[in-house]
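2 protein chains.
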Amino acid sequence: MLRSNTCGELTISDLNKEVTLCGWVQKSRDLGGMTFIDLRDRYGITQLVFNMETNADLCEKARKLGREFVISISGKVIERSSKNKNMKTGEVEIEVTSMTILNASKTPPFTIEDETDGGEDLRMKYRYLDLRRKPVASKLMLRHQINKEVRNFLNNEDFIEVETPYLIKSTPEGARDFVVPSRMNPNEFYALPQSPQTFKQLLMVAGYDRYYQIVKCFRDEDLRADRQPEFTQIDCEMTFIEQEDILNTFEGMMKHLFKTVKGVELTDFPRMTFDDAMRLYGNDKPDIRFGMPFVELNDVAQNQGFKVFDDAELVVGICAEGCSEYTRKQLDALTDFVKKPQIGATGLVYVKVNADGSFKSSVDKFFDTQKLKTWADKMNAKPGDLLLVISGEVNKSRKALSELRLEMGKQLGLRDNNTFAPLWVIDFPLLEWDEDSKRFHAMHHPFTSPKLADLDKMNTAPGDIRANAYDMVINGVEIGGGSIRIHDRDLQKKMFDLLGFTEEEAKAQFGFLMNAFEYGAPPHGGIALGFDRLCALFGGSESIRDYIAFPKNNSGRDVMIDAPATIADAQLEELFLNTVKPVAKG
Amino acid sequence: MLRSNTCGELTISDLNKEVTLCGWVQKSRDLGGMTFIDLRDRYGITQLVFNMETNADLCEKARKLGREFVISISGKVIERSSKNKNMKTGEVEIEVTSMTILNASKTPPFTIEDETDGGEDLRMKYRYLDLRRKPVASKLMLRHQINKEVRNFLNNEDFIEVETPYLIKSTPEGARDFVVPSRMNPNEFYALPQSPQTFKQLLMVAGYDRYYQIVKCFRDEDLRADRQPEFTQIDCEMTFIEQEDILNTFEGMMKHLFKTVKGVELTDFPRMTFDDAMRLYGNDKPDIRFGMPFVELNDVAQNQGFKVFDDAELVVGICAEGCSEYTRKQLDALTDFVKKPQIGATGLVYVKVNADGSFKSSVDKFFDTQKLKTWADKMNAKPGDLLLVISGEVNKSRKALSELRLEMGKQLGLRDNNTFAPLWVIDFPLLEWDEDSKRFHAMHHPFTSPKLADLDKMNTAPGDIRANAYDMVINGVEIGGGSIRIHDRDLQKKMFDLLGFTEEEAKAQFGFLMNAFEYGAPPHGGIALGFDRLCALFGGSESIRDYIAFPKNNSGRDVMIDAPATIADAQLEELFLNTVKPVAKG
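Going down the list, the sequences are from chains B and V. First residue of the first sequence: 1223, per my numbering; consecutive thereafter. First residue of the second sequence: 1223, per my numbering; consecutive thereafter.
Fair warning: there could be bad hints in the mix.
Any copy will do: because identical chains look the same in the list, a pair fits if it lies in one copy or spans two.
[To be verified] Heads up, simulated DSS-like pairs for lysine-lysine below, C-alpha to C-alpha not over 25 Å straight-line:
no. : residue 1 : residue 2
1   : K1239     : K1298
2   : K1729     : K1347
3   : K1715     : K1673
4   : K1328     : K1729
5   : K1803     : K1310
6   : K1551     : K1673
7   : K1347     : K1328
8   : K1484     : K1370
9   : K1507     : K1632
Keep in mind the hints are simulated off the structure, nothing from the lab. Source: prediction; values computed, not measured.
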């Protein structure tokens, strides 16, 4: 045994014990004839004390230790004179009697402290040092804890974990696959899974009843800040169930996670249809930590001579409580915000419902006080509130106002990271129309079941068919989504027809699943939760990258190991491949 | 809720309950005016009964159900007249009052029974049907249970699971990598990990102290029956430990698994040095469910005029207890066995120690009774035993005799699948000489630590240096292996020198890990266990393929989904790749 204890466990009840600790030198300070060292390991920090008077040699040696040196010390647990009540180990220190330097360290390229002086790039290159910092380490510990509780819950609910393969087959639908050339099967490629979707459905056909897997998935997409080429999914599927069973099961799981990991009791999840979510929040993943719902104003704001509104498909506003005192500058900033290209509104109309009952708006020229009052009434505004109104094409206006609502929520402190507002968004449309290809696409995937009540719209109004599809949303973040699957061959055929597949095309793309469905496929459905995102939600962070031990940057590179990299010609030859030099664009 | 109960839970205590069950039609039989159906789901089988007298329509409908149809039924739990005490549900049946056909099924291509009429190829193509068979399903359930208990144990021991990346960098050492072309980084490739070795060492440098992961690994090797291109590893690493700590921890884990999963109390694991294992069993993973150790006979068998022995480096034998009555035919079969090319002995000498005390051997011409008796004494043979002796070059003879020993163990019923004999093989050599390249290779990997006591052999006899490396062996199967790693830069440099690396080469191949070692690397070490093989051991099977839901065949193909497959030209173009037609050999 190299140590008798960790750096996180000794307390006043261990006084006078002879102990041996190992760890890293966090910091060191000389005070009078003493040298104090904070010794750190995963479990905590314990203070060491070296005394120049009683053991000059050892104290000299201690004074030469650099930050991040790895040492082993033996000594006696004694009471500290100046106690730190904020730390478990803060009442004791170790009077060191012997020390071994287990390893030296060069000076790290950035400080290993909660607040570091290292920039993102440097920290990524030396990720193994960044991982030593407590805020980073605690995120990975949190991830482990959530993983554990997910398993506890699902195991307890009779789900079994089944590992599905990573070397599968490329499918032309959906996002781009990463592919893996096969040496044994020249000129053929495996694909890395974007999700185990088809395999989990096959497991249901095989009778496994309740399946889960915490599994890596891969998408070769152009990366944004919150995307990674490899990400982790909690993938689940159930048999002999209806939508209600899935919602209840996974609402239960989320309550279990919040309770066990964060000590938070979640309320029952409200449910909102996709249509309501779009109408009231302009968004299929509304943040309902705060209200501020959309109010459509067409009937009270149009046909009053204001051309911008009159020409608009939709006039829609929100009421920002207590914001009537917003300054010109603040209002201009909001206008600039909604006019950003990625938000896309052409302008912003405001109406101040002043505390004295008077009104002041950016459209006073067109609307008198009485008119503005009808708006205010419709929006349940009180004196002191501020109305913010956007107009134009329906989808664009909703999108812009949704962003503005989130921005106002932020400005008003209504989006507290320690408040959690879960929600099921249900009744998603089955299909979405694609203008480019002039055909319907499956909004979820082609195996998603339509609502039986909407089946008669298959021929007349396919765009109006609702699906048995649902998303779990917490604080405006889509944590997961899923659907009840089609298990009936005739219905599946109709679905393929709607999507414009010929029977041959359907067979070529989904042949093995279609075959499986011929042999007694049970009713089934499932859900997949984004594990990285779930961890970020629990940790109160925006970035999933913080919750991944070795993430990739926005070019898909691991800068620490410098991957991807060129490979040897012999390797390419064995794989029957030639590389083609990219031609410079322009 | 589509069902009130599963098919595995209703018993006599549920009598008269109205229930709804869902499942697959396992089989059906008509008996008098009744029709009986075995309804199957993951949890079990429940008998349904339909009565032609009381409900003719329903009974007619039931008689038309084919095997593997998916149905939902409602009815009352009643007591069976002919009870099956071997099944939990065997005392009751359901008097069906209503039935819905949830899905029809074509006739499966093979019977869904414990013993099926389907060949391997057919069952792999329809793996989702094969997975319905109880012997297959129970193997995956077992796998889940072992997975769960591994986690329970390691979580309880303060290990944390950290996910390491799948898209990493190709390294020229070791087995062949699968590579993944990068679209965003043209002409560069990721590699899929053969193991998370370097990442787990980086996690130790980062201070994570105790890490584990149950993780997929990939090796592009020519496949044998017990190899898969993707396989699962229980990967672990610990900090501030010595070899003894690792052996104790993972011996503890294995005892926990055997106890919780199989109800078996394992004994303490004996330890055997690599040298002893080779000398006594000719094998670094001896099956010690039975004895039959090797006895070296050079001193008593050489220089007696038998040229075959006199020319041999080693004369070595085993004593097969009670086999002196083996027939000529049996002995010839054993000779044929050891002469097989993959076993490679040139011949087999036998000595029968007859029950009456006389001897009969295949070398009576060269050795008289008195000589043979010295052999028998040396081998502790009793009357009735059979001595089997092989001679030749040391390694070859040991290998051949090892195979013969295992074969004799099998013939004598000494290798019972329900007996478990665990073992640590320790003190592996650090290096092995490679005749082809005329240099030393690392036997485990270049970061394996030599034994401090052997450091003085670094310059004089590097081949004799023992490593702090160990294998866990159970019933002759290598379940896992690991080592204490080098954490000292100077020692690491010496190791690279021994392996013939220049500093530049070492940097190019292991640069990021070498860099990390500059910043306070702690003493650490670990182990990796083959999860598929562990499951097979628990299940008493030889083949790991049985324990993988969707395995690949010996050509690395998934015949169910037909992967790998060609991909679209556009996909290749995006990846800046051309395929090269393989040239026919010959």
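Against the structure, the hints:
no., hint, verdict
1, K1239 - K1298, "within (6 Å within a copy, 69 Å between copies)"
2, K1729 - K1347, "between (47 Å within a copy, 16 Å between copies)"
3, K1715 - K1673, "within (16 Å within a copy, 67 Å between copies)"
4, K1328 - K1729, "between (61 Å within a copy, 17 Å between copies)"
5, K1803 - K1310, "neither (59 Å within a copy, 66 Å between copies)"
6, K1551 - K1673, "neither (49 Å within a copy, 73 Å between copies)"
7, K1347 - K1328, "within (16 Å within a copy, 57 Å between copies)"
8, K1484 - K1370, "both (13 Å within a copy, 23 Å between copies)"
9, K1507 - K1632, "within (16 Å within a copy, 63 Å between copies)"
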